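A.B. asks: Given chain A, work out where chain B should sit, using these hints.
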Amino acid sequence: MNIEVVVFGVSFVVALGSSIAMLFAKNAVHVALFLVAAQVALALTFLLQGAYFIAAVQIIVYAGAIMVLFLFVVMLLGVDRREALIEPLSGQRTIAVGLGALLAAEIVYVAVKGTEFVIGGRGEDALVTINEDPGNVKALARALFSDYLLPFEATSVLLVVAIVGVMVLARRMGHEGFLRETTEDEGSEGAETDAEVPA
Amino acid sequence: MDFVAPKIALSGIAPEIALAATALLVLLADAFIGDRPRTLRPEHGSARPGSGILGNRWHLPLLSLIGFGAAVYLALDAWDRVDATGATTQFSGMIAVDGFSVFVKITLAVFGALTILLGHEYLVRRDLEEGEFFALVLFSVAGMMLMASSADLIVTFLALETFSIALYVLVGYQRSRLDGQEAAMKYFLLGAFSSTFFLLGIALVFGATGSTNLYGEGGITSFLATTPAADLSLLVLGAGLLIVGLGFKVAAVPFHMWTPDAYQGAPSPVTGFMAAGSKLAGFAALLRLLDVVLFPLRWDWRPLVIGIAVVTMIVGSILAVVQDDIKRMLAYSSIAHAGFVFTAVIATNDRGISGALFYLATYGLTIVGAFAIVAVLGGPEERRTRVNDFRGLFAAHPLLAGILTLLMLSLAGVPITSGFVAKLVVFGAAVEAGYTWVVVVGAIASAIAAFFYLRILVVMYMVDAEVAEEPKAVMGPLSIGVIGLSAAATLVLGLFWSPLIELAEKATFFAGP
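Chains A and B, in that order, give the protein sequences.
Note that my numbering has the first sequence beginning at 5, numbered continuously upward.
Note that my numbering has the second sequence beginning at 1248, numbered continuously upward.
Please keep in mind that the hints were generated in silico from the structure rather than gathered at the bench.
If you're wondering where the values come from, they're calculated on a predicted model, not measured in any experiment.
Check before you lean on any hint, since a few could be wrong.
These stretches of chain A come out as covered by chain B in the derived footprint (C-beta under 8 Å, 3 or more residues) [to be verified]: (1) 14-20; (2) 143-153; (3) 167-175.
In this text, a Cβ means the ideal position worked out from N, Cα and C, and glycines have one as well.
Same shape as in the complex, but just chain A:
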């Protein structure tokens, strides 16, 4: 038996199994962890297809960044909280089933029509061909570190600004609410408690 088939089988079982387990897990943290397992298994199938970049992004972005955010929010709201199982929006379930069925139909349709339908007339092994020269990841890396070097670096500055900004806004306020400056009473009550300091 081909090793690829084995790997695909394993990732298939893991992805499907953890997806189903997600639906039945009671604990929000467990649901998030099952989602991680499903994402990693999906990344594995991307690898099998030769889509190395998407596999890496799948793990870094979905399994990494977004899941950390999910878990963060879950922890923030309290792990122990029991979720109410009443639907806030009526008819939500029916719509979900309908949309899910539509998505499944689309996937089956594309699968039956074959890859030509998706990636044009470039045949079954289009991805493999693209990967050969010079390679998906390599091509991206080259663009990123040559022509797009400046945007790449500018993004890092942008991220630093965002981090500094978050720090400023989230910092404990301390006593900065108490203003020290000799002015008139502002016509307000209570806010300026320390107008005794001379200017």
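C.D. replies: For chain B alone, coordinates are given in the frame of chain A:
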């Protein structure tokens, strides 16, 4: 295929690098020599700054000012280079090094330095943390500078986000003020919304031309030069969305909704910085995009921009009249001023571009001084900013009242002030291009606008027995210096305008394909 390392010449973005590096240094230094977090202080009263130039907290502002000085020096260095060898692009065509960008960068550095001076005094008086404030101002000026010399829409977007995010935070910097938090939130949400328009515009331009690059090989300029103007609807649509995104930043009607709230809620030094810097950066990108790159398409985008200009001038002026708060009034006045600059954009000639540069430089110097005066009169949480709070200012502080008079007259466009010369230049460019009727609308708007500037003056000089509370200016040497500098610039540029205009004209050349 081997990796071809890109040629990296740093001269084009050296000012930005200097500012970003200074910002990081400030953050680092803040950890060691900056003011300690308030919560660790055992005693609240101990943070009182000593005498002298606002006590012992001078290290960080000095460091920031050195950063701005270095940026100006490096920009002048780049000027010498482009003056000798002509405009170029750097970083694989991502950066345009030309006179236009150098002029804008130096002007922005001046605005940034003034903001540091004002901010230092403002923050020390209110006992707020300073390090992050300076770092955010430095970062945001770096972003604005990058925007001015960007030659690729992706870089433009990153620069736009860099300075916008810094500004969102600066608006809400004084977190004890609820209106500041509200302002920051509104500015942030609407700003994020407008950024998506800009991004969609980039996507459409890319779809139409196959490139986000302005000048390079296969860029938008060469696309327009080589492709017959048959099917450009997608490009025009994309350009329209780019105008929406940038119009938000310069506060043009109908993308102005955030302006009054953000201007009112922000600490006044930040408001002045927003009015001066954000407008200059936004118009720098607009001028490069519309008047240079999309010049062949001017018959397509011009009707839209004329509409924006007319509506902005009229709506800004009329709504300013009914404001009761001086910061909101100046916000609407800044909207009207954006409309006046737009008349230079639609002229699409060199006079229009240099006129817009002159206008934005003089307007920035004036408005920074005006908001500095609002800051020293406003009180700790800037609650005393209603027009009636200025009642009797002349009796209490005659010199300050005189300076405010000068600045208001300049904003209104009265002769012997820089505002008059600036209006004359941009209106002249529009007339030269044959848009006299737009100028007539602009003149009517100016006349309406004069009403509310005069209203402040009347209130200020009115000797009224019923002054409930005399205006009281709390200002130190830094505020006095900045206000004086602003007043001097307003007056001197109103009398001897030609050197700066000539400089702007000399700077009006762009990197080509």
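A.B. asks: With reference to the structure, classify each hint as holding or not holding.
C.D. replies: Hints, one by one, checked against the model:
1. 14-20: violated (count 0)
2. 143-153: That given contact holds, which follows from 6 residues of the region 143-153 of chain A lying within Cβ reach (below 8 Å) of chain B.
3. 167-175: holds (count 6)
Going through the hint list in order, the structure does not satisfy hint 1, though it satisfies all others.
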